[in-house]
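Take a look at the letters that make up each chain.
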Amino acid sequence: MAHRLEKRVLLEHAEDPDLRTLDGYRRLAGGYETLERAYKEMEQDEVLQELEDSGLRGRGGAGFSMGKKASFLPRGDMAKYLCCNADESEPGAFKDRELMQRNPHQLIEGIAIAALAADAGHAFIFIRGEYDEQADILDAAVAEAYEAGYLGTNILGCHRDLELVVHRGAGAYICGEETALLDALEGKRGNPRLKPPFPAVQGLYGGPTLINNVETLSNVPHIVRRGAEWFKGFGTEQSPGTKVVSVSGGVRKPGNYEVELGIPTRELIYDLAGGPEEGHEIKAFFPGGSSSPVLKAEEGLDLPYSFEAMAEAGSMLGSGSIIVCDDRVSIPHLALRTARFYHHESCGKCVPCREGTNWTVKMLERMVRGEATPMDLDIVSSVQQNIIGHCLCVLGDSMAMPVGAMVRKFREEFEEVMANPDLVLDPHAVVQGAPETLGAST
Amino acid sequence: MSPAGREVTITIDGREVPAVEGEMLHDAARKGDVEIPYFCYEPKLGDPVGACRMCLVEIEGIPKLQTSCSTPVREGMVVHTRTEQVKEAQNSVVEFLLVNHPLDCPVCDKGGECPLQDISYGWGPGKSRVIDEKRHFEKPIELSPLVAIDRERCILCYRCVRFSQEVSEDAQLQLIERGDRTYVGTFDDRPYVAPFQGNITDICPVGALTNYTYRFRARPWDIEHAGSVCTICPSQCNVSFTVRDEKVKRVISRDNHEVDDGWLCDRGRYGFEMFDAPERVREPQLKGGAVSWEQALEAVAEGLRRAGGKVAAIAGDASNEEGFLLQRILRDALGSPHIDSRPSRGPKADVLRRLAEPNVSAKVRDIDEADAILVLGTDPLHSSPILDLRVRKAIRRNGAKLVVATERPTALDGGAEAIARYAPGQAAHFVGELASAIGGSDNVATPVAETLRDAGKVVVIWGERIAREDGAAEALLDVAAATNMSTTDGAGLLEIPDTTNARGLREAGCLPDAGPGLSDTTAGKSTEEIREALISGELTTLVLFGADPLRDFPDTPAWEEALTAADFVLTFSMHDNATTAKSDVVLPLETHAEKDGTVTHPDGRLQRVRPSASRPENVVPNILVLSELATKLGLDTGIDSQPTAFQALTNAVTLYNGIEDEQIGGRGLRWQDREGATSARTGTEQPGPGGPPEGGSPDTQRDAPISMVQPDPTPRGVASADPPSGGPSTAANGDLLLGTYRDLWAGPVTELNPPLKFLTPQQRVEISRTDAERLDLKSGDKVRVNGIEAEAHVKERVPAGVVFMAEGVSDGNANALLNGGPVQVKIEKLDEATA
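First to last, the protein sequences are chains A and B. Using numbering that gives the first Met the number 0, the first residue of the first sequence is number 0, and each one after it goes up by one. Using numbering that gives the first Met the number 0, the first residue of the second sequence is number 0, and each one after it goes up by one.
These aren't lab readings, by the way, just hints derived from the structure by calculation. Please note: incorrect hints may appear among the correct ones.
[Unchecked claim] For lysine-lysine, the following DSBU-like pairs were computed, each having C-alpha atoms within a straight-line distance of at most 35 Å:
1) A:Lys-187 to B:Lys-794
2) B:Lys-400 to A:Lys-187
3) A:Lys-194 to B:Lys-133
4) A:Lys-361 to B:Lys-133
5) B:Lys-63 to A:Lys-295
6) A:Lys-408 to B:Lys-126
Make the full structure from the sequences, and use the hints.
In structure tokens:
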């Protein structure tokens, strides 16, 4: 049973294993009825209008209006593409995995309807290589959808075609960046491209391409079925709808919770995720995955969980993944661990990210070993500043923002570690592994 | 996107700068004299990548700094390149670049000519905050036998990798690993072997890629740069010699968009190492012994006088002035009309005049803008390498449609829309069919013709050797007419000749039936007729200037016989070779680093070869030798220097009338592009190039077997499943038709050149799968082909019934098998014991 604070739309019936099958999806969720109506009764512009009116913001991290993005695609006879970004690789984010694993047809239906809006004839799901099980589930679901005539040529006799391919990535975080995703999909080294041209104009194989996150596309059938007004009935004015939030770290009930955007963050962390373990307090949390600047408990817990509130607080909602750090967590070690991740994942194309992540790691390593000089904290801060905004994509920023915030907000803790490296908190008490199931409330 | 090309004004640092809408901001700034530092930007490599982040600038209205290399200019753009924000970004990028750079400038070859060094001084913070360990690699290691790579110095700017992937398209260089562990390398660490690899050392902005031939040879303050022209092949690329102590130490590109687009092939780049070979002719030789110049010239004058007019001359590698003087000596001092500059047969003078008409001539740059390109009877990679890159660029960047019609598979086949293979000896027939197919007939040439018909700007890159066949050049003019070349700007024919300055020598008068400027003259004997006349005794004396018939001309046995039969042979040669061994007098030639003179590019561009390095002590400027010889023979040419020789040339050659040395300058001048350029046919009454063929030549009526290979259905180059129809049927006795080609690496440029020696080609027989199966051959088997031993190479794309062998190789030169007609060869497999 869902908690009273949850509002399940995407995760409705998620516990029922039958939902994965075409029959179950049809029976439990009225599956593919919306696709049928859209293909048979709606024009491209109507679908597009509905999506734009709903105010649905991208759930992958940037939070850009999905309908607006789709409307940027030029019209014409050229081959157009739709890519579903299922390369969920941000530490702390595991919501797309859940959505694909439990309700693959919801995503497929969303893709098919979005393809109608984008006039795309080919669609791809780019799924991270580590999501092996989810890719198998998708493959099976795609096969069922082809079999049932929801994909392929002349869908439902409407003279529209859509080919959908599940493409497994090779496990690079950078391939979640939309243009690197396109390069990887084309068989090239997954490196970000220069923008402009934006993918909407010139994307996959040079054709106009709409790229959306799994959760964004999973919302599409619901919006088209029940209308933009219904959708806007949830959430806040600038952040309409529900959001599947992954909560992990120092909480008793880590998991995915679907809530209306704008819910108090404290309710999410304490009431849904169970709050910190007995005898501990929350020190800080990442509100939107490991790339979001950390918020101290006192500055963040009472904010509404919405795109705008998090931005105003100097952080971001990102993919909607909360990582909670309780009072056992050593922030300098957390900074090092964060930096190491981005150093490892930097593609190396742009100088500031390639060298900045590497240099930051080396400096932070010296700090926790007690080999840093007093100047180093300032150098670390200025290096983060020098990365931000200077690269092709935001991978470098994704390290620079949280690490910069940690140094700024927990400077004393860094100084303490530099002075007494042996007396610090347990360096391993950082983040627990991602849980396998829905939030513990289920 | 707004249409590019409109003149706009932008503001950079408070100053108004004119620009063209759509061009990259970086280019506009450079033209406006604003320097923005950069590493990765290089328009020659294709679209910008924006990787180095060095060129960040502030543009009003855009919150984040933008890379000027990738930002197109818009009207009214306001740009700042020196604000605090920009300076901080520049400082930080330099600082980041040096985080892992070893800063070993004092021992680095690039020191003093290094963009990273210059930019660090100019735009960097001036001091380092890095105290951490830098990344380490084994260094330097061989990227190839010619290029060393130091991965610690590499700043990962992508330039070399982009060159390999987007310019030479060999895709051998890759970025391996990720992040700061990234390095440039090849699959499985195999050596990077490709004909253009040296270019990566030119474009590397740090000391990561260096030439083994130049490592630790000189410092920038020890050297001088001498601009000249490479005359190792007809491409005539513009080069700059790096000269230290009057010796050439390095060759780098002298970027001329009209000629070479700023690239060089490795033959041109490393070829200079043959200048100092022990085989170099360093002094006059009489009957194999060194003699003084006086003795040598006396013996020559005596030998030529004794010929009593029964003398002929063949020019090969020579400047315009040398060719001009040579033909004057023949015609005016010795009274002989027998001079040629072609290794084999060629078109008659009237056809050459029509081919030289400016309105059917393409210039190199026309390839860039062509709608369709036909590569006919030549493989540019072997015959004029730099044009291979140019054609690739036209396809990649401009979407040009390529069709290839050759005997032998070419390196460009993969990018072709349609490919035709004709049998050796059937070029004339094929070109005739092509002309009528473009006109609408349905025949074997139709697949190729369809791409050319109504294509707009058609550029035909054709090999001189097709014109060895009667009627081929005339048919080519019919192709020109059928594609409306004479009335289409940017369309035309571009010949790739067999020799390096073929066009210049023809225009200077080294033709049997045309004098200077392709003027009418008393007809003499052509190359092959000279050979026959020497054998028959009709001629007794031969002058070879930069020509090596025993290596380069077809029918080696006949040439052996001719040289043996001749009473007196004078050879000007750069190196000792089989021909000089059979010569009575050998005089030393200058290298292209020593010579002073002009050459004419196949597209008509006069270019200046300038003396850059010192000559060996006893090597004398060749024009002075020739004018001295003329004087001894009683002809006062009035030539005593390069300027007087050039003056005499331009006076005599109507096409060059009035051209001044200054007009040629460093970039050259196409004679067709001058105001009031003289037509080669002025005063003659030839039908225009659009004139219909009258009944066709006998060759075009021959019912010839033609092998047509359909174009691949996929662009990936998967071989067509359809067997070639109507291929040259294997003779009843199992013999195969021989086709030959000149290998890029065959000749003294590799054999006498220590760094390039590893590329010296061995004779091989390229054979189709069908024939190989019939003969039970596999690749690597040793075979004997009409007496020549070679290695079999089974090639998917070789048509059945034909084999291909290389000309010009030192052992088993295929020229020995050629005799002017179709050659059937018998292939015997040698077992291990006999091999």
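Outcome of the hint check:
| no. | hint | verdict |
| --- | --- | --- |
| 1 | A:Lys-187 to B:Lys-794 | holds, 29 Å |
| 2 | B:Lys-400 to A:Lys-187 | holds, 25 Å |
| 3 | A:Lys-194 to B:Lys-133 | holds, 32 Å |
| 4 | A:Lys-361 to B:Lys-133 | holds, 10 Å |
| 5 | B:Lys-63 to A:Lys-295 | holds, 28 Å |
| 6 | A:Lys-408 to B:Lys-126 | holds, 29 Å |
No hint from the list above goes unmet by this structure.
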